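Peer 1: The lines below spell out each chain.
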Amino acid sequence: MKLKRNIPLIDQHDKQGFWGGKFGGSFIPETLKKPVEDLTKEFKKLRKNKKFIKKRDYYFKNYIGSPTSFIKLDNLSNHLGGAQIWAKVVSEANGGAHKIYNATVHALICKAMGKKYIVGDTGAGYAGKMLSMAAKKFGLKCKIFMGAKDIRRQKPNCDAMRKNGAEIVPVLSGSQTLVDAVSECMRYWVSNCDNTHMCVGSTVGPNIFVKICGWSTAQISRELKSQLKNEFKKIPKKIKLINCVGGGSSAYGFWSEFIDYDKKQIELVGVEAGGPKKSKLHAAPLSRNAKIGILHGAASYVCQNNEGQIQETESISAGLDYPGVSPIHCFLKDSKRARYTYATDEDALNAYQMVTKFENLNPSLEPSHAFAEAIKIAPKLSKNTIIIVNSCGDAKKDRDILKERLGKRR
Amino acid sequence: MKPSLISKTFNKTQKENRPALLTYIVAGDNTKKKSLEILKSISKYADICELGFPHNTPIADGGQIQTSAYRAIKNGIKINDVFSIANQFKKTKSDKPIILMGYYNMIYQYNENKFIDKCNKSKIDGLIVVDLPYPENKPFALKCKKKGVNFIQLVSPTTSSDRLKQIIRDSHDMVYYISMLSTTGGKLKVAPKKILERYNKIKSLNKNKNIVIGFGITEKTIKSLKKADGLVVGSAICKEITSSIKKRQNAVTNVTNIVRKLKNKIK
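Order-wise, the sequence lines are chains A and B. Under this note's numbering, the first residue of the first sequence is numbered 1, with each subsequent residue one higher. Under this note's numbering, the first residue of the second sequence is numbered 1, with each subsequent residue one higher.
Bound conformation, chain A alone (with noise of 0.2 Å):
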């Protein structure tokens, strides 16, 4: 399995969706065929409208805020010893995480193909968020998909998307997390693509919304490169770019300008959620070998029984808590330019609290499982070697998790 040169790893997939002939593709029902085809065909044209680019571009800067700051965190770095720790603090986007983007997008493709309703998901309800403000902002009636175990466990985010004026729709099939509110979104999106669009909050789900959340992220990237650009003169040799992975949205925006490079040069480290320590279950379909199997439309590495039957994931991460993964993200595992591992619940928490102690970053608990590779990897190499982590969202939401299990507020 190989990747091509200067060509987007959202576009290298073959006719039928797939990329490295057998990840991705578009498994949906009939009724679903029509919308997905119309939404191909507008993301195709807008892609190369530069009416749609300049649009975009102006909301990236003037309303998420683009450029996020690429910092070193140097009593991190000089606590740990070896490795210089930096971290891209994509954070400090409107909301508070990478998810912006790729709601924004939603939005703006939403208004362009003149539907006046948008539906999402949310696992963190970060998705669920953003895809409220932008609704808000671009004036499009909103509702959000979201597991009411999630629902009692991100409250924060689930106030924000109510006084943005969103529909919360608790999902209480299943597990009643991710996964069965990404199923119940697009059952929602079956009875009413007519005059309803939907937005998938992560690289995951059938083929067109891998492309387009893909799309949107890779803002991040291009943001880095200009900074390493700055920072460093040229790009370094030595580059270890670590993020989390729980759908692979903000782990493909933060890689997409680099994947060209050696790995040698720029390794990619993805750090997907191990659940807790002492418990069989997790939400690590590619570090933990997972067999390829069809979820919410899409063939990936998915955490599954013998049978095929999705199995429950388990991680104090919300957003990280999903049993299957992006197929760009297969891709990028089978022909070896990634690799990817995994953090426990308690490497995470361990890992948040030693950022926050030596540096005035408050990141998440799902980059907060980045930080735990960066950690661990760090004192093992040289000064010259830059770990560079996406500090992709802020621990607000966490609070009630985070006073829970280790006991002061924060």
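No lab work stands behind these hints: they were computed from the structure. Don't take every hint at face value.
[As the list claims (entries may be wrong)] Stretches of chain B that chain A covers, calculated by requiring three or more beta carbons in the stretch to come under 8 Å of a beta carbon on chain A:
1. 53-59
2. 219-229
[What the hints assert, rightly or not] With a Cα cut of at most 25 Å, we get these calculated SDA-like pairs of lysine to any residue:
3. K34/A <-> D162/B
4. K74/B <-> G174/A
5. K34/A <-> I202/B
6. K143/B <-> K163/A
7. K239/B <-> P170/A
8. K34/A <-> L196/B
9. K78/B <-> K15/B
10. K247/B <-> S173/A
11. K220/B <-> G174/A
12. K163/A <-> F138/A
13. K165/B <-> D194/A
14. K114/B <-> N306/A
15. K291/A <-> K74/B
16. K2/B <-> D170/B
17. K61/A <-> P170/A
18. K229/A <-> R5/A
Remember, it's a predicted structure, so these values are computed and weren't measured experimentally. Yeah, the Cβ is synthetic: ideal placement off N, Cα and C, and Gly gets one too.
Please arrange chain B on chain A, whose structure you already have, making use of the hints.
Peer 2: Relative to the frame of chain A, chain B by itself:
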């Protein structure tokens, strides 16, 4: 090639000047034994029996069928049990077509070829795969045909006329028309007249294809659509199983009563 059991069934119902009644239940709902009993009992009135192989992430099913599927999975139903239910049914009801219906991941994990072989050995007449649309399903459909299993294509109100023509051209003996934009079990939100208009348009592309209508069909709505070649009732049946279990009543009797009433409305 001799006509399939599905074709023969439609020939018979057409001669009787009525639509075929197709019923759907989930295999293993709520136990293996019970679902076989229900299947046998309702086949007195049903012309074609659909048997769902349950999946726990069903993206096109509404609440009633989800509930049935979760219940069956919770009670330990496995794919091989589904085949064995079908096979046992066929031993006593060899002239009743049985159609398996489900999601592609279950087939993918079982292995496509093995799955189709097993269908053939279990005397399964047809297969509906909800999330394997046309044209991606062409190679799979061809494999089914070679093994004497009808692959049933779905068409919906959003299917464009070009696609419709291609799908009808490549379809086997039966095509499933989804009545409206909805998951299974939704309330019929389109006027029956409109549904039949669309149905006639599809039918006019090839009179020899048997087109059945499904989604939103209940005791209340079934009569208004009786001009179709066949009508599928699923959620209304699953709902009855749920309510029988809740009331601690005999699901076999209750479901059979419903199916008999449905049949009487379209005689």
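Peer 1: Run every hint past the structure and note whether it holds.
Peer 2: Each hint tested on the structure:
1. Using a Cβ-Cβ cut-off of 8 Å, 5 residues of the stretch 53-59 of chain B lie near chain A, which meets the minimum of three, so the contact claim holds.
2. With 0 residues having a Cβ less than 8 Å from any Cβ of chain A, the stretch 219-229 of chain B misses the three-residue criterion, and the hint is violated.
3. Pair hint K34/A plus D162/B holds up; C-alpha atoms about 12 Å apart against a cutoff of 25 Å.
4. Only pairs whose Cα atoms come within 25 Å are accepted, and K74/B paired with G174/A is accepted, the gap being roughly 11 Å.
5. Simply put, K34/A and I202/B have alpha-carbon atoms about 17 Å apart, close enough for the 25 Å limit, and the pair holds.
6. Among the hinted pairs, K143/B with K163/A is inconsistent with the structure: their alpha-carbon atoms are about 53 Å apart, more than 25 Å.
7. Pair hint K239/B plus P170/A holds up; C-alpha atoms about 22 Å apart against a cutoff of 25 Å.
8. With a C-alpha separation of about 21 Å, the suggested pairing of K34/A with L196/B holds against the 25 Å cut-off.
9. Restraint check for K78/B and K15/B: the C-alpha separation of about 39 Å exceeds 25 Å, so the hint is violated.
10. In summary, the hint linking K247/B to S173/A is supported, as the alpha carbons are separated by about 22 Å, within the 25 Å threshold.
11. Taking the CA atoms of K220/B and G174/A, the gap is near 31 Å; set against the 25 Å cutoff, the hint is violated.
12. This hinted pair checks out: K163/A and F138/A have alpha carbons roughly 15 Å apart, not beyond 25 Å.
13. Our distance criterion of 25 Å between C-alpha atoms is met by K165/B and D194/A, whose separation comes to about 22 Å.
14. Between K114/B and N306/A the CA atoms are separated by roughly 15 Å; this keeps the pair inside 25 Å, and the hint holds.
15. Between K291/A and K74/B the alpha-carbon distance is near 22 Å, which keeps this suggested pair within the 25 Å criterion.
16. Taking the CA atoms of K2/B and D170/B, the gap is near 18 Å; set against the 25 Å cutoff, the hint holds.
17. Between K61/A and P170/A the alpha-carbon distance is near 33 Å, which puts this suggested pair outside the 25 Å criterion.
18. Between K229/A and R5/A, the direct Cα distance comes to roughly 21 Å. Compliance with the 25 Å bound is thereby established for this hinted pair.
Hint violations for this structure: numbers 2, 6, 9, 11 and 17, all remaining hints satisfied.
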